[in-house]
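**Student:** Taken in sequence, the protein lines are chains W and G. Each residue of the first sequence is one higher than the last, beginning at 1 in our numbering. Each residue of the second sequence is one higher than the last, beginning at 1 in our numbering.
No false leads were slipped in.
Simulated coverage check for chain G against chain W, where a stretch passes if three residues somewhere in it have a Cβ under 8 Å from a Cβ of chain W:
| id | region |
| --- | --- |
| 1 | 52-62 |
| 2 | 152-159 |
| 3 | 162-170 |
Beta-carbon label-pair distances, calculated as ranges:
| id | chain 1 | residue 1 | chain 2 | residue 2 | range |
| --- | --- | --- | --- | --- | --- |
| 4 | W | D108 | G | L174 | 24 to 32 Å |
| 5 | G | A30 | W | L18 | 28 to 36 Å |
| 6 | W | K53 | G | Y78 | 24 to 32 Å |
| 7 | W | G62 | G | Y78 | 24 to 32 Å |
| 8 | W | R4 | G | G128 | 24 to 32 Å |
| 9 | G | S132 | W | Q70 | 53 to 61 Å |
| 10 | G | V71 | W | D108 | 21 to 29 Å |
Bear in mind the hints are in silico, worked out from the structure with no lab data behind them. Remember, it's a predicted structure, so these values are computed and weren't measured experimentally. Virtual Cβ for every residue (Gly too), placed ideally from N, Cα, C.
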Amino acid sequence: MQGRNLNLAVGAFVLLGLIALLFMALQVSNLGAMSNGPTYEVKAYFDNIGGLKPRAAVKSAGVVVGRVRQIQFDDQQYQALVLLDLDTRYKFPKDSSAKILTSGLLGDNYIGLEPGGDLENLKKLRSHQHDAIGGGT
Amino acid sequence: MSGVLNSVAALGALFLQFVSALGGFALLLAKILARTAAILRRPRLIAAQVHFLGNHSLAIILVAGLFVGLVLGLQGYYTLRRYGSEEALGVLVALSLVRELGPVIAALLFAGRAGTSLTAEIGLMKAGEQLSALETMAVDPIARVLGPRFFGGLIAVPLLAALFSAVGVIGGWLVGVALIGVDAGAFWSQMSDGVDFWNDIVNGVIKSAVFGWRLPMWLSCRVTNQNQRPMALHGQQP
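So here's chain W without its partners, still in its complex pose (with noise of 0.2 Å):
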């Protein structure tokens, strides 16, 4: 009878550590919303991506349409190159723009894509070509 309070007693304790695990998780962090679905990679060119981070939001009208990938410089234009996931559910005209914004007074940059007004889609090509984005600043 001891051990099995014991092994209850453990048992809660555990248990109520994975609940606040799992709380965490879904409520306070971003795992739940992350849509992880599939995404097709897009470039976008920036004189100055200021302070964009990877992983960063890309909206447009204000709806969250996918995530930066990564951000390199290209040596040969001398400018920015950044590799946008974008949501395949979400289809964007060749001629999008795309901008880098700034959310609220003090918040984050995202990426804020406007769409053209091409008829032909942005789309993933094959390797190491994918549709680039003008972008300003």
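With the hints as your guide, set chain G onto chain W.
**Tutor:** Frame of chain W, contents of chain G only:
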């Protein structure tokens, strides 16, 4: 001149002592890790230690976490209100708890609550020569006595830190949303926007796990170190 030399020598002795303590720590860690299989074969001993280290620390962790969250919520609100960004209260409370305060304060409270009783327990075993008696009976005291405490701490402290952070977030919510009236939607959405699962929460868990095994290890290392005789516990000079 010799006074200067003496103080340099004292510094050297102090440093050597430090290095040998570090070496003893590493050796004990290696010994415990080498016996992992033998220790894990008796999970009842580990469960008893999780109960002793974890369950008994639960009350103080929960109360402290709640109050830290309440204070963070209140003070954060008054600071953020100046900049008109009370909505950021959630992310402020959650990030400071998950990244720093949770692991560190939980480990400190754990050291105060469980560390002291661990020290007393193992110290008494050493002073009563129970450890030597175990060895005489061909029972490995590292696998039988230290190992379960090592793994007990490794399991209990991350759970305690997670509970601390979760209760703290609820405390921040109590003050910020329920009492002061920050918008609940903004509170939670800004929080989940600003807190990353891998970078923030998993790192916090790893941090507290490191705190968790280090504390029982260090204590047992200090107490069982062969060079430090247990006589001091009897009030005698070694």
